[in-house]
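> Residue strings, one per chain:
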Amino acid sequence: MTTDKNLILRLEKLARLQLSDTEREEIGGDLDKILAMVDKLQEIDTENVEPLTYINEEVNVLRADAIKNQTDRAAALRNAPDTDGTYFKVPKVIER
Amino acid sequence: MLTVPPKYTTLTQIRTDLTAGKTTLVALTEYYLQRISETEELNIYLEVYAEEALAKAADLDKKFKENPASVGKMYGAVISIKDVLCYANHKVTGGSKILEGFESLFSATAIERCLAEDALLIGRVNCDEFGMGSATENPHYGVTRNAADTNRVPGGSSGGSAAAVQADTCLVSLGSDTGGSVRQPAAFCGVYGLKPTYGRISRYGLLAYASSFDQIGILAHSPQDAALFLEIMAGQDEYDATSSSKAVPAYSQTPPFSGKAKIAYFDTAVNHASIDPAVRNATLQTIEKYRAAGHVVVSVDFAYLDYIIPAYYVLTTAEASSNLSRYDGVRYGRRSPEAQTVDEMYRLSRTEGFGKEVKRRIMLGTFVLSAGYYDAYYTKAQKVRRLIQQRTFEILEEYDFILMPVAPSPAWKIGEKNTDPVAAYLADIFTVQANMTGIPAMAFPVGETEEGLPIGLQLMGRKFGEAELLSFVSNGDF
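Those sequence lines, one after another, are chains F and E. Counting in our numbering, the first sequence runs from 1 upward without gaps. Counting in our numbering, the second sequence runs from 1001 upward without gaps.
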């Protein structure tokens, strides 16, 4: 598997990143090398092997549907890049 | 002096001196602050809580003087924390520009439990960005240097934590270990490093890198302190559904290891093409010492050694690409001043905020999770993970521990592994197995190279077998 510019552009879009042409080339080359390393996995027969997703042994950790661990508005907005004092502000989303 | 013999190697010694009136927590805090300033060129600390720590130390000394029984188990412990652990009303950046200036609203459960036992936090230390790296060559906050040789790296990603203990700027440092990030820097800096079983310590308040691998770990001068810290921090937490409900043993009261251990090692690891002769010799000598002490040490087959790293990088980058999508510039963290639209806000904020290695891993993770490649890469790696876990558990049914080098080489020179990501990734070959399978592992110092660089080995144990691991390492049969 080798990457090409179109694939890198697609990944940038999916990951919400914007690379320069130089970075694009560099990261494309890196991904090729990494994927060449990863291709080694194909040597292992995994027919009939269940994928392993969870490492913990806890099953169905449930809790009451109760409101707790709340924070006040001022604290919640403290780290915000932009607010109107009540809400988080972002650039305009909907065109009128 | 960048390296000094540690003033204290265990909290027990400190408590003895505090009780005898030979020292105070204020005096101890002043000593560590002095060490921080003497070792400034190592670039360990991103932030030192000097005034706050001294004031808190005075309060705790007063409490102790009034009633020695009123202080917690960690009174006397001066600790530093890796810049991935949340401490209420203090900065945490994950070593990233994207969180520059961010102040946490809450403390990680692990930190909360240490504070409740009167531990004293002295500062926040450097690391690889979001734990992604093995050298603490941080693109935003600079490289942290190894106190044994300032031209060399301290390892990573908890390199600041390892150097902080090595240079005696604190008694203990808390780090995190996703693929060796506590153990490898511990080995590079000649200190102890414990990665507990997955789920043993709550991850609440630990900035996420790869959630099915991440675990908070402990870097210390002694296994005794690692045991006490584990005892305090471990245990179920309602804020982390993956934290284990298993009872927490009194690790600090574990009796010395008695009887003879059965220890496995992999010939393919000891004789791996990448291994440095000094590390190989140290491993072989340790095997001989264990045998001389009456333990059974046997080479076993492990066919998956060279498949661990490929599977690890598929799975961790996938989890990272998902975890790091939270950094979007909306509610906290960096927002690009150039952004005019919502899309630009996401794209430019992330592009400006993340360093190169983080972008590389997000791109790889995005690729392996994307339509058309998911099964061939992500599912395949998950299947290989199961095979690796099955074989590892099988070995640990028959053997008490698995002995491994921590890293193929001692600390490398700054900049040496910057050019080829694959070469850098492959250096994690011996540490990743514990994270892939969820088992505990502990790195311990065994000596030095001719040039005076520390060498560390590790023992991996059964799931939730920290007590056995700690007691065996405490015995020091090496």
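Honestly, I wouldn't trust all of these hints.
[To be verified] Straight line, CA to CA, 25 Å or less: simulated DSS-like cross-link-like pairs of lysine-lysine:
id	chain 1	residue 1	chain 2	residue 2
1	E	K1417	F	K13
2	E	K1359	E	K1289
3	E	K1065	E	K1007
4	E	K1260	F	K33
5	F	K89	E	K1091
6	E	K1417	F	K40
7	F	K89	E	K1097
8	E	K1065	F	K13
9	E	K1065	F	K40
10	F	K13	E	K1413
[Stated by the list, open to error] Looking from chain F toward chain E, a few residues come up when the C-beta cut is under 7 Å (computed):
id	residue
11	L9
12	R16
13	L17
14	M37
15	N48
16	I55
17	V59
18	V61
19	L62
20	I67
21	A74
22	N79
23	A80
24	Y87
25	I94
These aren't lab readings, by the way, just hints derived from the structure by calculation. Glycine included, C-beta positions come from ideal geometry on N, C-alpha and C.
> A separate judgement is required for each hint: does it hold in the structure or not?
Here's how the hints hold up against the structure:
no. : hint                 : result
1   : E:K1417 with F:K13   : 29 Å, violated
2   : E:K1359 with E:K1289 : 45 Å, violated
3   : E:K1065 with E:K1007 : 23 Å, holds
4   : E:K1260 with F:K33   : 45 Å, violated
5   : F:K89 with E:K1091   : 23 Å, holds
6   : E:K1417 with F:K40   : 22 Å, holds
7   : F:K89 with E:K1097   : 21 Å, holds
8   : E:K1065 with F:K13   : 61 Å, violated
9   : E:K1065 with F:K40   : 63 Å, violated
10  : F:K13 with E:K1413   : 36 Å, violated
11  : L9                   : 11 Å, violated
12  : R16                  : 4 Å, holds
13  : L17                  : 5 Å, holds
14  : M37                  : 5 Å, holds
15  : N48                  : 9 Å, violated
16  : I55                  : 4 Å, holds
17  : V59                  : 10 Å, violated
18  : V61                  : 4 Å, holds
19  : L62                  : 9 Å, violated
20  : I67                  : 14 Å, violated
21  : A74                  : 11 Å, violated
22  : N79                  : 4 Å, holds
23  : A80                  : 6 Å, holds
24  : Y87                  : 10 Å, violated
25  : I94                  : 10 Å, violated
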